[in-house]
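A.B. asks: Starting from the given sequences, assemble the full structure and let the hints guide the process.
Counting from 1, one number per residue, gives the positions in the sequence shown under my numbering.
It should be emphasised that the hints constitute simulated quantities derived from the structure, not laboratory data.
Heads up, some of the hints might be wrong.
Said to hold, decoys possible - With a cut-off of at most 16 Å between alpha-carbon atoms, the simulated EDC-like pairs for lysine to aspartate or glutamate come out as follows:
hint : residue 1 : residue 2
1    : Lys129    : Glu154
2    : Lys85     : Glu302
3    : Lys129    : Glu88
4    : Lys85     : Glu222
5    : Lys129    : Asp70
6    : Lys78     : Glu302
7    : Lys85     : Glu310
8    : Lys78     : Glu222
9    : Lys129    : Glu222
10   : Lys129    : Asp215
11   : Lys89     : Glu336
12   : Lys129    : Glu43
As the list claims (entries may be wrong) - Taking CB as the label site, the calculated pair distances span:
hint : residue 1 : residue 2 : range
13   : Ile210    : Gln324    : 46 to 56 Å
14   : His233    : Leu321    : 47 to 57 Å
15   : Gly263    : His90     : 20 to 30 Å
16   : Glu302    : His239    : 53 to 63 Å
17   : Ala36     : Ser126    : 44 to 54 Å
18   : Pro141    : Arg180    : 51 to 61 Å
19   : Ala33     : Pro319    : 30 to 40 Å
20   : Arg180    : Gly263    : 13 to 23 Å
Just so you know, even glycine gets a beta-carbon here, dropped at the ideal spot from N, CA and C.
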Amino acid sequence: MKKVSIIDVAKEAGVSVSTVSLVLRQKGKISDATIAKVQAAIEQLGYVHNVAAANLRASTSNLIGLILCDFSDSYAIKVMASVVKELEKHGFMVFLGQPQDNGASLERCLLSFKQQGVAGIIYLTSDTKHATLPEQLRQCPLPLVVVSQILINEACNLVMRDNRQAAALATRYLLERGHRNIGYIGGQADCLLRMQRLQGFRASLQQNGIVQKEDSAPACSEDTWAASQVTRHLLEKNHTLTALLCHSPTALIGAINGIHQVGRTLGKDLFLTQQVALIGFEDMLHVNLTSPSLTCVSSASEETGRQAAELMMSQIREPALPTQRIMLSGELVVRESA
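C.D. replies: Have a look at this one:
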């Protein structure tokens, strides 16, 4: 069977080859009627547009390199899904790389991206202990967008959550409900994400004339058993504590167990002294199948992905654009736990 060419499509549609090319590339001012004729001809003849060849001829690419460092990070996975969805909507495809935690692996990943001819790179980092980029990315000549959970020191295109705002929002909500003795569970002591949230937590307490107690924000390793133990110890030492902010999904699950271990229950009723209100920083729908459902500050993962994709496309269209830092605010999702 003869291979259908762009010339065949032009003849079938009764338009010029250049018009078909413009329709395929979604360029120029083409009338809806003409676009419909070209698309009908493409469908009738079974024409398949060779995007790679077209990109090569035009020295452009519809490929975006996406680096995802940690597949166990639920926030990063949600952001990745949103990035892919938004880019595909605009005709881009994603080339995924997952380098290990060493420079050589990242170097190989970037080399693979170069060989594939990607137009830009989106870097989804789950590192919350270092506010710097790997040297290989700092030297990368391609448009780069970083999605991080903490503020990056280098001047780069950055999309991130406003951690201080999220913690302040959750704390104000608890204060408005009458809570005066509030704790913060989880996160390792050197975690910058934890530090930023604690700033928002403490600021809200201070604005209401409350001084945070020294031992009310215990750090712990990122596992449910550790979070359960520190929650239990905190509640045993402080019987008047009525609410907890939980650093991560792991900390939240551990805190639930710790609350039950000391004979208290989960809930928002301040007048029932055995209840402890609980707020997380990421929506956990699989946990919300149980009762009570969990109050949280939304992670804005879908909007983060959309903004990262939009920023990447802007950088490709206009490489001279100045770098941008986009900080997204979370929204409180009130359910039964607080």
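A.B. asks: Each hint: holds or not?
C.D. replies: Now for the hints, and whether the structure bears them out:
1. Lys129 <-> Glu154: Holds, at roughly 15 Å.
2. Lys85 <-> Glu302: holds, 10 Å
3. Lys129 <-> Glu88: violated, 32 Å
4. Lys85 <-> Glu222: violated, 30 Å
5. Lys129 <-> Asp70: holds, 14 Å
6. Lys78 <-> Glu302: Within the cut-off at roughly 7 Å; holds.
7. Lys85 <-> Glu310: Distance ~11 Å between Lys85 and Glu310 Cα, so the pair holds.
8. Lys78 <-> Glu222: violated, 20 Å
9. Lys129 <-> Glu222: holds, 13 Å
10. Lys129 <-> Asp215: The given pair, whose Cα atoms are some 22 Å apart, is violated under the 16 Å limit.
11. Lys89 <-> Glu336: It is violated: about 37 Å lies between the C-alpha atoms, which goes past 16 Å.
12. Lys129 <-> Glu43: Given that 16 Å is the threshold and the Cα spacing comes to 53 Å, the pair is violated.
13. Ile210 <-> Gln324: 46 to 56 Å: violated, 36 Å
14. His233 <-> Leu321: 47 to 57 Å: holds, 51 Å
15. Gly263 <-> His90: 20 to 30 Å: With Cβ atoms ~55 Å apart, the hint is violated.
16. Glu302 <-> His239: 53 to 63 Å: violated, 40 Å
17. Ala36 <-> Ser126: 44 to 54 Å: holds, 46 Å
18. Pro141 <-> Arg180: 51 to 61 Å: Taking Cβ atoms as reference, Pro141 and Arg180 lie about 54 Å apart, which means the hint holds.
19. Ala33 <-> Pro319: 30 to 40 Å: Given range 30 to 40 Å: holds, Cβ gap about 35 Å.
20. Arg180 <-> Gly263: 13 to 23 Å: About 22 Å separates the Cβ atoms of Arg180 and Gly263, which means 13 to 23 Å holds.
Consistency with the previously given hints fails for numbers 3, 4, 8, 10, 11, 12, 13, 15 and 16, ordered from lowest to highest.
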